[in-house]
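If you want the building blocks of each chain, they are given just below.
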Amino acid sequence: MQGWHKIKKYLVADLSQTQNPNAPFALRPLKNDEDAGLLNGQEPASMPQIKPLLGDNGPLAMTSTLEQNINWLKGHFSYPQNSGLVFRPFVIEQTGAVVQGMIVHLESQVDSQHLNQFVIHPLINAKLTEDQPLSVDTLKTHIVTDCHLTSTSYFGEIVHEILNSSAAIIIDGLDTAILADVKGGEKRGLESPKTENVVRGPQVGFTEDMQTNLSLLRGRLSTSDLIVESGVVGTVSQTAVSIVYLKSITNAELVNEVRRRIAAVRIDYIGDSGMLEQLIEDKPYSIYPGMLSTERPDHTAAQIADGYVAILVNNSPFALIVPTQFPLFLQTAEDRYLRWQYSSFLRIIRAIGFLMSLYLPAVYVAIANFHHEMIPTTLVLAIAGTRESIPLPVAAEAFLLESMFELIREAGVRIPSVIGPTIGIVGALILGQAAVQANIVSPIMVIVTAATALASYTIPNYNMQFTTRILRFVYLAFASFMGLIGIVLLSIILWTSWMSVNRFGVPSLAPLTPHPKNENTLLRGPLQKPLARPFSVRPQRSKKKPDGQDGAPEQGGEN
Amino acid sequence: MYQHHIGVREAASIGIIFIITKIFLPFQRSLAEAGGTAGWMIAIIAAIFCPLTWWAIRGVLRNAKQGSTLIEATEEIWGPWVGTFLNLAYFCFFFAITFLVLREFSELLSSDILPRTPMNMILIFLIVPIAFVAYCGIESLGRICWLTIGLIIGSVLIVLIGGLLTHAEPNALSPFWGTGKSRIMMSGIAKSSLFSEMLVFGFLLPRMRKSREWGRAVWWCIAISSITLFSTTIVYLYVFPYPTAIRLNVPMFEVSRLIIFGRWIQRLESLFLIAWLISAALKLAIGLYCTAATMSQILRLPKVQTLIFPLTLLVYGFALLPNNEMTAVSWDGGFLRTYGSIFSIALPMLTWFAGIMRHRMRRRTA
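So the protein lines, in turn, are chains V and H. Under our numbering, residues 42 to 600 are what the first sequence spells out, in order. Under our numbering, residues 89 to 454 are what the second sequence spells out, in order.
Chain H on its own, in the form it takes in the complex (with noise of 0.2 Å):
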């Protein structure tokens, strides 16, 4: 049967969406809270670690069979029952960034777009087009990310440029090293997990058509997001100052409360929640088809679509188990944000390197 294939600019896209979409999240305040008003250079620094996951990633799938997935290759690497248990924490990472994402971005709508409506309501609304985005495949994920990708990027743009119009505060990035140099070198390390959802090229880049392209894909996506996360924080730093910075809840929806063009263009936050609703439902069918695609190749299933209604009902549920918003957050950051890179980063390493020694082993008995 005919492979469907995506093409660079829609791999690219799928990885932007999925790495930045954080931004719409409390992302700022936090780097702002562990690095004071030097957040902004833990975001450069976990950027420059973010090539370690993709050079991971290429490494697995270069030792595993020919059009293999990274689930299915580190399978094949390390033997089916070590291989499957990383497979299970490979899901239940891509699971925990669904339900948390999902809690998170309901919590922030309800209290502050739609205050009268119902938190479930929400969470049905939202877990709706979810799943059907999903269901439709990685090939319309490309393409609707593809499509949509210009207007976040361009939305966020504005924003950013019309805040510091509006209100900047020139000495706001002082003192220059914040927190501290060292505590900021190793927020920077511990927050290179900023980059873990680059795990999603382990799907991506099986589907290319061109092998040769891999690299293009994930370069694009690790500059533009570098720069957004980046943009974001010091724009965010420059226009509140660093007591309000750790207190504000959700940051780029506040700068962009604050834009005043003249006397027509003013508060664009109802248009800059279009371009944040997008990226968000984007940001969970990425995660739950990255969901549902690992489950169905740890269990063989020829279909990823199977699984998809089963791990909607599943992302609900669990979306439901923190107490309120604050406890949502503070799982995102406590365990995703901090111990995220043990996923990203490491085990496609450990996998990478049982990879060689496989191939190294296997020729030596040749």
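Looking at chain V on its own, in the form it has when it is part of the complex (with noise of 0.2 Å):
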């Protein structure tokens, strides 16, 4: 009975009158400014954030004692059990007495000269006279006083620290912690990026550390207007996340969306941008990719600054651009560096990559099975005298040589990077020229074949690329059954099921359509035009340049 409560919906009619609350969202035009900033009746969404741990009076706080603080770090952590925390016991002197601390960390998280020079050392040289009470503001600022510290007294935060790299200062008589940051841990530098590669313009890409490419952000957005609000996801792995926006220019209703989805998350592992966008994705089952996933710096900051959202997330050098419309899968950061004429060159040349990509086998299927009337006649004579002695027909020809090229893509992907590409072009060389010379495929099928290879290389995002690479099979199948009109059926559905859907409340295929004025789809005009923000994202200011200079005219669209 699991399948007829999917099936009901579209059989039984719905009668009921109350709203849907899993209606789809959709950004709504700002009406005026003073519609600006407003949510529209949305329910204002907050970033999650770590919840505390909770005892019998609210939550769990520090008491006085250190030994008793100290027990239940010892408890909560299972130490010693957990070889992993480090306790490090200190005395301050005080004119006449001692008074006993204990500085806890996780192994290998911290960096430790600078704990032992800026935290420690001070701490054991420190010498208080009778009339300088020891508390934490006389720590914060009479002893450690070349570190940043931050102090809380709930065990939750304490906790969430430490696993965060912290260091936490914890002294008797006093109920309250100081927590150290002396973050420490190998990263990796900045490196060029791996999937992105352009020929002109910087060569920088994300790393895994989200406050250095927070750093790469802020360093390209020097405006107070940027902001960035992280939470926690993941009730195990607690990943940081942030999302970026630029307040001014951001529609409000668009960030809220966000931190709402972002919230709903109920997960115990986030190890990736990755995990997080299947996450707070519109529609899970559909092929096409839902959101941007770059490693570039500046191909983000440029998202944001035209009123898009990131979301970065701690451990992945991929940020997440919210909402992405299908144009701005075909356009790389490299099109902004370039004459228009160039990167407007360079958008045709994607554009007809990604629909050979998708059609071009199984167009050649239906031409030479259903529409031979199709091909000049010298042309229809080379391809009979080719496949005179091929056993298989087109349409297997085909699936077979897709196939091959797929396990030689995914081979080359997995064989070591020393001898990937050298495995790539020799098994495609050779099986191809194997595969021919058996008389199992056509010399045509091969040119078909390695063009397709080609064109979809020419798609910049690589979830699109899949995209296409499953779909490509489907077409085949549908050219193998009924030709053209199986490709144009077939094509009607999945275009129309794509162009259905919106995205973060954008329609995916907008800026084709619907269509609003002003916006760089497929051409790119001169940067001395009156430029606008891309009018799908109902920016909050629809002008890229100040007044006085040339102006676009504001919220140019018309649905």
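The set of hints was computed from the structure by calculation and includes no laboratory data. Mixed in with the good hints, there may be bad ones.
If the Cβ cut is set under 7 Å, some of the chain H residues that face chain V in the computed set are [to be verified]:
(1) 228
(2) 232
(3) 300
(4) 304
(5) 346
(6) 348
(7) 349
(8) 352
(9) 361
We treat Cβ as the ideally placed atom computed from N, Cα and C, and that holds for glycine.
Combine the two chains into a complex, taking the hints into account.
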């Protein structure tokens, strides 16, 4: 009966008049300046935060006894069974007495040199007088002065900070702990992006460290309008997630929707932004990617400046850009740095590459099987000549070669990088040549497959490449049965299903359809012309240039 | 809940595709049969009358609650009994368009493109995407219509130019008045139903954000549709002489077959088939959506989608009713294209006047 529930909505009329709480979110146009920053009836959401550890009387708080506090921490971290925790006792001299204390941190998570030099050393060498009471303020302002310090009385926060590479300073007689930021651990240095290489433009990519990534963005958007909202997702991984946007430009409803979706994530572990992407996307069952992932800080900063929201996940070198419409998947960061004629040319090439990657093998099979009249006579004779000795039908040839190519591509990725490209080239050349000589496939089919493969590599986005790779087989199947008719009818279904979906409130194919004015899609105009931010994302300020320069009309779209 | 809207381009595209898809059917042949070498004049006369539909729809919508569709407005003006009866007439009209055009296109595909594929299979292959697109709703329909309208109009343009360049008879339009002035005039008035698909604006206009944009969408639709219907007819008559013109089954398809641009570009019918098929599938999807929307509003159902599946089955069943292609074509010509104006012009006009009377009577009593 479970299947019945799935198909019931298609067959039985839903007469309920109540509003659907899961109704798709749609961004509304801002009617006037007063609308900016308003949520139009949306529930305000906030980024998810760490839940406090609760005791009998609310959040679990420290006592003023060092031993009790340390015992609680030992129990909570299962010490000594859990060997990662380090307890470093120390004493602070006060005239006529000594005060005992303990520094607690995780092994290899902190910078030992930093900890010794700026935290432990000042604490051991401190000599307090009688009229100088030992308090959190004294410690912060007179003793440990060369380190970023915070303080808390709650065990939940202490545990979280220790897990996030801070050292907790706990002192006998104080019911407040001081948390020293002494982050350590190994970090990867800045490198070129692995998947988004450009000829012209910055050659730096994001790393796994969120703070480094944020600094790369802040360096490009030096404005107090840049907002970074942070939260934590994953009950076990406690992964830090940040959303980055410009307060005066980005639509407030969009930001709220991003917060709401991240807050609604219920999962124990987030390993990368790819996981978060799947958890917050609009249509998990859609084959089309729902948001753009990029490892380029310049691309991310440019999108933020256009009114988009970037999502950064700790331990992930990929930022997510929301909302993402189809044309963005065919654009690169380099498009902005090249003169408009060149970038428009590249965009046209990529669009043709996208269509070839989807349709070329299917169209060849359809024409060769069903519509011979489309092929000029000389070419049809050439095709017939090469196919004369081939025992397989055209469709089987196409499936065989496409499958072989997918095998080579996957093998090329998994094989160690030193021999990977060699295997790819050797595999493709030798297998292709051998297959033709063995009369398994025709040379024209090899050309078609190779051209399709090349075309698929022109698509800049990795997820979109997957979409075309998978759909190519589906189109092939339909072309084998119904020729061009099969391709057209399947295209109608797939394109309609794609364009009927809104991604974070914006139609997937905007600005192709619906088509607001003043938006760059396939072609890019000169930068001297009036520029407007994409209307599809309903930015608060649509003009890109300040007043007095070439101004674009405000809110130039129509639906 | 946030109400989705469609823009001028999307609304106009839906209207254009709904109207002009008939150019891929034996439409030009029927005009040649009625008007002889002056068949093109019938298209012009029909175009002159088509704004009546638009004015009538606008009048009905303005005399009802804001945001009402043609169906809701008709019921509001006439009351539940007469209103429902008139709305059932609209339902029958959209339903008839859908199942007859489905059958005609399936027959054409079966006879000219896929002769070895059973007609039932073609029907099923067509009806699945049609139902899917209709299920996605008017907003998605608008988007895909706008995305494909350029391809459709562009293909038609290429075929027309290619046909004229390949083979055109300068004296093909003589005698100028064809079958005679009075007959041309009468046929033109009767064939004003060529634009009866404009009734779809009764559903589209309330979904537009600004009512002042209604006119832009409709006039664009009228202009492009009129030019397309007129130009395809006149080019067909230029390319094929009258005796041949009244015998060809799929005029535009035959024109595309003639095209020869040198050794490499010739016989473009398969490329043309793509535009032809997209246009047909979208027209049928619009028809199915309008059928379901009409019935859902008559039954006061909150959603259209739940009627799509049962109506798809009904459309499929009714499409099997005509014995053969010629029967389907004659039902289309004899019923839809002869009495279509009753649904597209007379009924909305009548409702408009009734709305005006109702307003006046209310003012007097107030």
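Hints, one by one, checked against the model:
1. For residue 228 of chain H, the suggested interface contact is upheld, since its CB lies about 4 Å from the closest CB of chain V, less than 7 Å.
2. A hinted interface residue such as residue 232 of chain H counts as satisfied when its beta carbon comes closer than 7 Å to some beta carbon of chain V; here the least separation is about 5 Å, so the hint holds.
3. The interface hint given for residue 300 of chain H is violated, since its Cβ lies 12 Å from the closest Cβ of chain V, which is over the 7 Å cut-off.
4. Against a cut-off of 7 Å between C-beta atoms, the interface hint on residue 304 of chain H is violated, since the closest Cβ of chain V lies about 10 Å away.
5. Violation of the interface hint for residue 346 of chain H is found here, the shortest Cβ-Cβ separation to chain V being roughly 13 Å, above the 7 Å cut-off.
6. Restraint check, residue 348 of chain H versus chain V: the minimum CB separation of about 11 Å is more than 7 Å; hint violated.
7. This hint is violated: residue 349 of chain H has a C-beta 11 Å from the nearest C-beta of chain V, more than the 7 Å allowed.
8. At about 5 Å, the closest approach between the beta carbon of residue 352 of chain H and any beta carbon in chain V falls short of 7 Å, and the interface hint on this residue holds.
9. A distance limit of 7 Å between C-beta atoms decides the matter here; for residue 361 of chain H the minimum to chain V is near 6 Å, and the interface restraint holds.
Hints 3, 4, 5, 6, 7 from the list above are not met by this structure, while the remaining hints are.
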